[in-house]
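Number 293 marks the last residue of the sequence shown (the working numbering); no jumps.
Keep in mind the hints are simulated off the structure, nothing from the lab.
Some hints here could point you the wrong way.
Derived PhoX-like pairs (lysine-lysine); straight-line CA-CA distance at most 25 angstroms [to be verified]:
1. K212 with K261
2. K176 with K261
3. K176 with K212
4. K212 with K258
5. K176 with K258
Computed spacing ranges between beta-carbons, pair by pair [stated by the list, open to error]:
6. Y114 with L76: 43 to 53 angstroms
7. A162 with T259: 26 to 36 angstroms
8. S271 with Q130: 22 to 32 angstroms
9. I81 with R153: 46 to 56 angstroms
Keep in mind the model is a prediction, meaning the values are calculated, not measured.
Beta carbons: idealized from backbone N, C-alpha and C, even for Gly.
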Amino acid sequence: MIAGTMNLSTLSDVSMIFHNGWMASAGLSSIVLDPLVMIALGCLIGLLILGGLWLQGRKASLGSHRERSTGTSTELPTAYDYVTGLPTGRLFGTLLEQAVDRAQRTGRSLALLVVELDHFRMVAERQGQANGNVLVRVQAARVKGVLRSTETVARLAQDQFAMVLDNFTSPQEVSAIIEKLQATVGLPLTLEGQELFLTCRIGIAFFPQDAREQEGLIDQAMRALKTAKSDGQAVRFASPIPAVSSSDPESAPSRFANLLP
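Please model the entire structure based on the sequences and the hints provided.
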């Protein structure tokens with residue numbers, strides 16, 4: 033018989049049951065256990081440990097599921113914005129690259145618009161996070177509604193959207209989209225009884241005139257947006273062309289003329 037000596041004062045609660053029960057009646061401070069008893073005790077302790085690990089994993093899984101359902105997980109893939117459902121910058125880079133590839137194959141022009149909502153962050157802070165999310169969700173839907181279903185819109189930052197126009201054939205089409213975009217963003221929005229109005233600024237870059245790859249297009253459109261903000265303009269082109277003004281729509285097509293094939 034294989035014997036083992038066990039110090040009862042160092043055992044877990046499971047072994048204390050034996051100490052307080054039939055082992056205590058024997059008046060022993062240490063006992064010699066049968067191998068089968070040792071195996072059974074080891075299996076019991078092992079099952080308890082495995083059960084605890086399973087419960088811990090189950091709680092973590094449920095917590096992860098709740099985070100996915102509420103859009104609060106920091107480990108979720110960042111391809112889509114959980115507030116608006118639009119592609120984020122990571123996915124947008126891929127979509128823009130694909131659009132550039134198509135434009136290169138077909139010999140067509142492509143326009144990238146970066147749209148920034150004026151004073152959005154200040155308004156969102158005053159209205160609170162929940163109302164801020166409602167506000168950006170509405171504006172995202174408005175921006176998306178300006179485009180055709182085959183065209184791309186993404187959310188780049190808290191107050192920035194990007195639009196890819198790759199299905200236009202005339203300057204008038206691009207001009208009309210810009211003016212419609214400004215008018216749509218400027219529509220009133222009521223939050224908790226308060227009517228809000230937002231405006232936007234737009235930076236525009238064209239393929240292939242301003243850049244021939246997606247990183248360059250984004251950089252040029254961002255630079256144009258920065259210039260529009262610093263100069264107090266509503267719209268700015270990456271190329272040295274006067275900004276389109278909604279108060280001067282007749283002259284807009286001529287400003288695009290040398291940007292199109």
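Hints, verified against the model:
no. : hint                               : verdict
1   : K212 with K261                     : 20 angstroms, holds
2   : K176 with K261                     : 23 angstroms, holds
3   : K176 with K212                     : 12 angstroms, holds
4   : K212 with K258                     : 21 angstroms, holds
5   : K176 with K258                     : 23 angstroms, holds
6   : Y114 with L76: 43 to 53 angstroms  : 45 angstroms, holds
7   : A162 with T259: 26 to 36 angstroms : 34 angstroms, holds
8   : S271 with Q130: 22 to 32 angstroms : 24 angstroms, holds
9   : I81 with R153: 46 to 56 angstroms  : 51 angstroms, holds
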